[in-house]
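In order, the protein sequence lines correspond to chains A and B.
Using this note's numbering, read the first sequence as starting at 1 and increasing by one per residue.
Using this note's numbering, read the second sequence as starting at 1 and increasing by one per residue.
You may find that some hints are simply not true.
[To be verified] Computed, partial: chain A to chain B, Cβ under 8 Å:
#, residue
1, Gly26
2, Leu28
3, Leu29
4, Gly32
5, Val52
6, Leu62
7, Arg63
[Said to hold, decoys possible] From the derived model, a few chain B residues whose C-beta atoms are all more than 12 Å from chain A:
#, residue
8, Val91
9, Ala151
10, Glu169
11, Thr246
12, Gly257
13, Gly260
14, Ser261
15, Ala269
16, Arg375
17, Arg446
18, Phe480
19, Pro513
20, Gly612
21, Ile628
22, Ala631
Calculated directly from the structure, the hints in this document are not laboratory data.
C-beta atoms are modelled at their ideal positions from N, C-alpha and C, and glycine is treated no differently.
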Amino acid sequence: MQTLDALVVGGRAQVVSVEATEPIRGRLLDLGFVPGTEVRLRSRAPLGDPAVYELRGSRMCLRRGEAQQIWVQRLDG
Amino acid sequence: MTASAPASPGAAPLRLGLLGSPNSGKTTLFNALTGLRARVGNYPGVTVERREGRAQLGPTSVDVIDLPGTYSLAPVSPDEEVVLQVLHGEVPGVARPDALVLVADACTLDRSLLLVAQALRLDLPALLVVTMMDELEARGGRLDTERMSQALGIPVVGVVGHRGIGMAEVKRLLRQPHNWDRPPLPPPESSSDRAGWADSVLSVARSQRPGSHQATEALDRVVLHPVAGTVLFAAVMILFFQLIFTAATPAMDWIDGAIGSLAGAVRGALPAGFLTDLLADGVIAGVGSVVIFLPQIVLLFTVLHFLEDAGYMARAAFVVDRAMGRVGLEGRAFVSLLSSYACAVPGIMATRTVPSPTHRLVTILVSPLMTCSARLPVYALLIAAFVPSTTVAGFLGLQGLVLLGLYLLGTLAALAAAAVLSRTVGRGRGLPFYLELPPYRVPPLRLVVSQVWGAASAFLKRAGSIILVTSIVLWFLLHFPKPDLPPDLPPQDAARIELEHSFAGRLGHALEPAIAPLGFDWKIGVGLVASLAAREVIVATLAQIYAAQDEGLSLREALQRDVDPRTGEKVFDAPTVAALLVFFVFALQCMSTLAVIRRETASWRWPAFAFGYLLVLAWGASFLTHRIVHAVT
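Excised from the complex, chain B in its bound form (with noise of 0.2 Å):
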């Protein structure tokens, strides 16, 4: 191999491949290579997230492409596909690496040299970094990367990447990949024949194999146990749970005051006019609706990337494997749906973690059942007006009961549909299930704070444009077209009578014939067709249509109140407010997380699955409770 000459300026730069497991310290090594000014994407028409950034080597720089963690080059994942194709330079758009830099970690080298041996097989100049190697010595490990690097015959650089110890040996040699030099003899081609010149590798560079980690050993004596392993996973996750739910609310609160005070200002500052009400209440509203969910997805992905790093998730994900199986999930979708509590939107982002394509799927679609937030004023609302405050019991009060049933109800639907998508829509090639629990680490803070970064930004950027769009749509539906009205008719009657004649409004009566049968009349209908860009929505929406037929009630008593024109009989019977609720407990109503399952799905086929298989149960499961409940009263 002839040197080439240096990169001329004004040529592209290098590009550089980084490959490696999971857990061996590649994304640390990426993040100390390029800072923080990674570009995170999607690779084309994959879900697989690429991360690229350039980084600077005195007067040159690289392109650094940070690979999907992967034990081996035969793939059996989508991930695992997509390093194969960019090694191969298969994938459109995405230039074939000029060299490799392969990451393992001190410790597992036995196993990690598996994968180096597959990767020196390609036709590309490498470099081996050896990361933890403090960890090493504190666990009594020798190893000598000079005799490493003769053995192998390629350069090898040991690095503690989080502190930078090593660092700029690496920056110097990525100036020169040409340089570098290349094995005499690629290693062997069958994996058992390669178990052999790892060991042989080794046997000549490491002249003390490490001990066990000390705090590794202690903990997992704790953490592993039958018992207080799954008393401490209760605890983690109830507190997991807690945090995400409560502690975003401050925020949420007041990113939704700012919205409406910014709303409040435009308004105040602008002609009143179409142009204003768009800016107000499409605009605003419609960045509102995205922005509103940034706190928890921040709060979500922090602990979640903390647990991860430090070494817990993995832990997590095995005490709870067994019982996801039962459903054909894995013990890593868990956290996914338990997120999904506060909301759907980050319980879905947080699907990545599971590896396997088709469980990640069969997550996805069932993580809207499980009983998100913005379920509770739709909830609160009803029940407030509905079930009376009397004790069960003598101390259970029944309005906490319907609530308790109403969650109960949505989880048991999730893993019920769980069971069945698993064995229909995700039913693939059998993929071996495996999962390593790294040692416990204190992930360093950087690590944390450019994940949780590539979450909220590609969150904002994708999935924001797709709710900024539709809420326009809906705002355009709910206010369009404008009926003439008597100048002096009070601005509650205006508010009333043009939402009965927008599109939204003749929706509603038009959809009257398909939710009859539930009990549901047009102004739910109304409140059905709004409830698309958030289902909190329908409480505004039934204020306004109610907020001038009876003046001076509040909205529960104006519900409490309503009796249909041409029955004389009350709107909200009890078998008409059960099959409400039950309908909130199963239907999609929320672009945003349609636009993540688009998003997270690489297509608007899943959306429109999840969205239709939901409003069918919806609409058969309030139908079923509307029979029932009529029935027995």
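Here chain A stands alone, though its shape is the one from the complex (with noise of 0.2 Å):
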């Protein structure tokens, strides 16, 4: 297990919990961070962070702070 922020660009991942406090933890399970949820890192910002996720659909850009509380179980090599 890992924490989001520390997949490479094009990783694939799969969310396993979100450890944050509310209201943080409640708004990123509801832009779909849910356990299950399959997660690609498509991009990072030119200075390293923030970094572009791809999951349910949409595109969605965190900061490395709320990438940090969200673990998650690699699906590649």
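Put the two chains together into one complex; each comes in its own frame, and the hints tell you how they fit.
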């Protein structure tokens, strides 16, 4: 297990849990970061942060701080 | 649920709330239903935009409420709190909607249904409008709205909003919300179970999920590329800046000229006297100082909404977010700060794209530090008069370097102020930062027009009235009381003496002790009082004061030669000129900006705070500048 921000560009993972305080946790879940959901890291901004994730048919950009609170299981080597 | 009787004539029309996430096509649907006749305002006590309009549906009509876009019904921002309060009928003066029209983009249903699940737990009849069905098909997706309707237990209609496809069916359904099917069981309450519910609905209704959006994939390979994306970002922002700075100028000059001619015509047509003066110099000039901003507001919002609706603004915010994060702001604040280089009025209005209220407030409070175009006439006069036109290092003009330095000083001050304010007044609840990158789309012209119209009319109505009243008050201060003057006095002398004896002139004298440490005399004091209307007014005011003193001299020469009668020294020596320039970098002398801050923060507290902290900064920085320049020259 690792957190979402540790993915490499192009890497895919499945959400395991969101370990954040409210209201951040609820909002991340409502944006689609629900356990079981597949997420792919599409690109990183020029200075390495924030990053764009593809999930549930949309592209969502999160800062490292939020991505570090989402635990995932990597789906590729 | 029993079907209620159709509304009898004369009864209040049914109220329908449009609920959907940002980028769902909600506003396009709203425009398609109501035409461009929306009433735009604010919800009581907050600055969340309130849009309502009436839709004519054959013989009946309904009121449609365009609720702010939201990803969830568990609110984290004021916009979202308003959505929830309206849905529960808790906003004073805003009746609870009788039914909900849920709006979801056909290509992002996997996520949009999470909001639908929450909405279906409210005890209101609901209809789901699935937008952008054309894009879904183009991306190879297949959705059966009939089966989706069965799975959800509510009516579902697929539409292509800007082409009107499916709208007849939506309008037919909107007439009878009490006949809509209601779900036999509400969707699950917990967030995790909601996702499973959404997946099961889609497994029934969707036979093919949409592939990726080809154009978006191709464009994002460039736009999101660390190097190419940054270069593109810089190019777009330079073009944007050039456009609002230069393209609005002809229209602004034309309005300026037209206001002058109108005032002249009024003077010609009416007998000389108090009322004519009030009309020509107070009312018409006051209206003019409002209308003059329209070209920039219209231009800026046209470009802004075009880029926003096309999908670029979110990418721009993504590229610049890290840098803005250093001073406690976020990517979306960048564009509004950039706009403030042209004028803080549209710049502050553009902060509406910043969702976090604390980020938004800090952005508003530092916007006046960005060097706006109204400072240019002041800088131009002082630099031309007092900075020698020599070159530095062989080719760089000293005058240009000073101007650049003033721009840099303003920008650095804005960033520093943002860093301080975001750790003090802007410190609030920890809000998650997220930003959706929607697919690139050709923005419907009608959508852009309606948004620009909303911004322009809101400015005219709300800020306009404050600006008009203030300019009349300032006109009064500058022209009263009238001293008894010999009738044969040349008009220039009369104007100067009137000014010196006016309330503003006395204020200038009264201010002298406070501004003397900066090297300013009472004449500069009058100019500073007058420049509360707008910064560039100080040039006209100084011109009036100096007009008669040295006949035949230009204002520039008059300033260069002016000598303090008590000390015999030049009034405008190097320390004073430097201090005055620095004062204009910091001070918030612009009632239009104050009026817009009042409008955008819904309280007098923040314009008062902005005026105060910038005045303290201006005085302190001018004082230091005066001392330093005095010591080294």
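So, going through the hints one by one against the coordinates:
1. Gly26: Glycine 26 of chain A check passes; min Cβ-Cβ to chain B is 5 Å, inside 8 Å.
2. Leu28: holds (6 Å)
3. Leu29: holds (4 Å)
4. Gly32: Hint on glycine 32 of chain A: holds, closest Cβ of chain B at ~4 Å, below 8 Å.
5. Val52: Constraint on valine 52 of chain A satisfied, holds at 6 Å.
6. Leu62: Nearest chain B Cβ about 6 Å off; hint holds.
7. Arg63: Because about 5 Å separates arginine 63 of chain A from the closest Cβ in chain B, which is inside the 8 Å limit, the hint holds.
8. Val91: holds (21 Å)
9. Ala151: Fine: 18 Å to the nearest Cβ keeps alanine 151 of chain B off the interface.
10. Glu169: Fine: 24 Å to the nearest Cβ keeps glutamate 169 of chain B off the interface.
11. Thr246: Given that every Cβ of chain A is farther than 12 Å from that of threonine 246 of chain B, nearest at about 28 Å, it holds.
12. Gly257: Since the minimum Cβ distance to chain A is about 45 Å, glycine 257 of chain B lies beyond 12 Å and the statement holds.
13. Gly260: The claim holds: glycine 260 of chain B sits with its nearest Cβ about 48 Å from chain A, beyond 12 Å.
14. Ser261: holds (51 Å)
15. Ala269: Holds, because the least Cβ-Cβ distance between alanine 269 of chain B and chain A comes to about 60 Å, which exceeds 12 Å.
16. Arg375: At roughly 32 Å from the nearest Cβ of chain A, arginine 375 of chain B sits farther out than 12 Å, so the non-interface label holds.
17. Arg446: The claim stands: arginine 446 of chain B keeps its Cβ more than 12 Å from every Cβ of chain A (closest is about 25 Å).
18. Phe480: Holds: least Cβ distance 56 Å, greater than 12 Å.
19. Pro513: holds (50 Å)
20. Gly612: For glycine 612 of chain B, whose nearest Cβ neighbour in chain A is about 33 Å away, the distance exceeds 12 Å, so it holds.
21. Ile628: With a cut-off of 12 Å, isoleucine 628 of chain B remains clear of chain A, as the shortest Cβ separation is near 36 Å.
22. Ala631: Alanine 631 of chain B clear of chain A: closest Cβ-Cβ about 41 Å, beyond 12 Å.
Of the numbered hints listed earlier, not one is contradicted by the structure.
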